[in-house]
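All chains, full assembly: derive it from the sequences and hints.
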Amino acid sequence: MAEMLAEGKSPDILFWVGCSGSFDDRAKKITKAIAKILHHCEVSFAILGNEESCSGDPAKRAGNEFTFQMQAMMNIQVLEGYEVKRIVTGCPHCFNTLKNEYPELGGNYEVLHHTQLIQDLINTGKLAIKGGEIFKGKKITFHDPCYLGRANNVYEAPRELITKLDAELVEMKRCKTNGLCCGAGGAQMFKEAEKGDKEINIERTEDALETSPNIIATGCPFCNTMMTDGVKNKEKEDSIQVMDVAELIANAMEL
Amino acid sequence: MISSIVFILIATGALGFFGWQVSKIRSNIFLGREIDRTDQAGKRWKTMILVAFGQKKMFTRPIPALLHLCIYSAFIITQIELIEIFIDGATGSHRIFRPSLGGFYTFMISFIEVLSFLALIATVIFLLRRNVLKLKRLNMDEMKGWPKFDANLILFMEIVLVTCIFTMNGADEVLYQRGLSHAENLGDGSFNFLLSTFFAENIFSGFSTESLIALERIGWWGHIAMVFGFLNYLPFSKHLHIVLAFPNTYYSNLEAKGRFTNMESVTAEVKLMMDPNADPYAAPAEPVGEPQRFGAKDVADLSWKSLLDAYTCTECGRCTSVCPANQTGKLLSPRKIMMDTRDRLEEVGDAKRKNGKDFEDGKSLINDYITPEEIWACTSCNACVQECPVNIDPLSIIMELRRYQVMEESKVPTELAGMLTNIDNNGAPWQFSQNDRANWKDEQ
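Going down the list, the sequences are from chains A and Y. According to the numbering used here, the first sequence is numbered sequentially starting from 1. According to the numbering used here, the second sequence is numbered sequentially starting from 1.
These aren't lab readings, by the way, just hints derived from the structure by calculation.
Below, simulated DSSO-like cross-link-like pairs (lysine-lysine); rule was C-alpha separation at most 27 Å, straight line:
(1) A:191 / Y:297
(2) Y:134 / A:198
(3) A:195 / Y:144
(4) A:176 / Y:43
(5) Y:136 / Y:238
(6) A:85 / Y:441
(7) A:195 / Y:134
(8) A:195 / Y:297
(9) Y:271 / A:85
(10) A:176 / Y:136
(11) Y:136 / A:195
(12) Y:56 / A:173
(13) Y:411 / A:195
(14) Y:441 / A:126
Structure follows, in structure tokens:
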């Protein structure tokens with residue numbers, strides 16, 4: 001962002017990468033897939049780089065409102081400094097926080113989840129999905145991230161992208177409003193689960209396995225981690241891939 | 001004449017006692033904190049009509065929804081018949097509307113009879129689901145004891161109520177056929193009510209006139225006694241949802257479910273910390289109003305809407321049945337959160353009325369009712385909020401309790417304390433340098 005500003009350019013949209021997308025090795029691949037799609041469509045975008053900081057979502061959900069609002073206010077200062085108007089996030093948690101919780105603190109932006117932006121690129125003719133043969137005959141099931149689905153009622157954008165591929169979209173018995181959480185929300189990603197008789201991600205992976213999919217697709221780096229662990233636990237990692245919708249699109253286009 | 005006086009006395013007493021209980025509940029709810037839910041009236045009416053009146057969210061589970069609809073519609077439509085019962089009771093008339101309404105009267109009573117019969121069948125099935133099939137969500141730990149008794153008692157009262165209606169109408173029909181009913185004789189030989197004509201022929205026609213007169217009166221008084229009894233049982237029962245479902249859906253949260261409240265007191269502090277012109281040695285500003293606790297330790301720290309939620313909950317357990325934590329054996333049950341909040345609120349309200357409004361009993365919602373283990377099992381996935389047929393929000397209570405634990409008591413699960421320190425230090429929940437944020441760009 002700073003570089004673009006130095007060159008006197010102002011990007012159309014800011015790509016909010018998020019902490020997972022910046023630091024988690026698996027999630028970085030999702031980040032790259034999103035960036036490749038944006039480049040391919042010649043979207044003028046920028047990242048904040050080392051000026052980006054945690055959105056504050058896990059702090060807020062862990063009950064620490066101070067840490068959350070400190071993060072939020074600092075981020076808003078940076079975003080205001082660059083006069084950001086539109087943001088695309090690679091993570092539903094950042095998406096929810098920026099979209100719903102920042103406005104009251106003075107940060108008003110049009111915030112999109114990456115599946116929404118990609119759908120928008122297709123609808124406006126900037127992205128045409130060619131290829132896709134690599135998914136021919138494959139079964140893909142979509143796991144709804146809670147903070148995209150129930151929290152913000154985005155159920156269709158990721159599904160429409162999957163149906164654009166030459167693959168079969170199969171729904172789990174619990175999907176959309178009834179979708180089961182992967183177990184990572186509400187700051188659970190950063191702690192061991194409370195005592196119980198099962199891990200939530202195993203329960204959810206079993207839902208997914210019932211559809212006998214080739215690919216479990218999702219739209220959240222946390223869900224990705226949880227489902228990947230679940231698939232490994234079931235020793236199915238050789239036959240089932242866990243992938244972000246952005247990666248599916250990037251792979252189909254051989255980007 | 002005497003019966004009219006008795007009726008008026010009972011009715012006044014019943015309505016008065018109900019009013020008194022309602023005023024207690026109202027004052028309990030207003031122990032909660034302020035929250036503005038008066039905006040967007042149009043959208044609020046729409047939500048209430050769809051969700052409460054139209055039962056929209058019930059229909060995600062069609063079988064209980066249909067059974068519930070039978071009882072619900074019988075209940076709503078029967079209110080019309082109650083008008084006549086009240087007038088008859090107070091003036092000593094009998095079926096006062098029949099001569100003037102004619103065929104429409106026959107239709108209405110027949111309609112009520114059909115709905116009542118369907119309600120009776122539904123009630124029996126509900127009892128079977130609870131006690132014989134032992135549906136899991138209706139028989140979990142928090143349902144043992146009083147809640148189970150409460151649920152069964154209501155269903156039992158319902159059976160008595162419907163039985164009274166059919167006894168009243170059936171016996172009256174035979175009396176009318178014999179020209180002995182107190183209802184005005186229109187010379188038509190029968191009331192022609194759809195179901196009670198059948199019951200009259202097959203059950204009541206063999207009875208003596210004296211027995212029938214007694215039975216008709218037992219049915220009539222039994223019916224009205226159940227109505228008043230039920231009305232006054234409501235404030236003590238989970239069944240209060242039949243009233244509160246309406247205001248509770250009206251005052252629903254209309255924002256995106258993912259949006260959690262921003263604490264205003266914190267905003268003021270953070271703004272001051274970030275203001276470069278703030279004088280670090282300035283005397284602190286005079287606090288406006290009473291200082292508030294961060295988050296919720298007890299029921300009075302919750303919003304009044306959360307407290308209304310607690311009174312509205314009818315303990316159906318849909319929330320708990322979809323909770324990911326509960327399904328995987330964790331201690332958390334959103335239904336128990338609501339039940340605990342109501343129980344504690346009743347306790348606090350009663351104690352304050354008895355000992356003055358500043359009375360503290362040394363107990364609190366967190367620890368004495370809800371344990372930290374329960375609230376830390378929540379993934380904030382909103383499944384409970386989505387599922388509730390009357391738009392109750394257990395998640396906001398869980399979040400307020402977490403805020404109190406973290407910000408007032410510094411009781412943070414160890415791993416989360418590490419995560420929070422990382423965010424404070426390096427702007428990410430993990431220990432990575434902020435300078436490495438864009439490294440992905442150049443990695444292969």
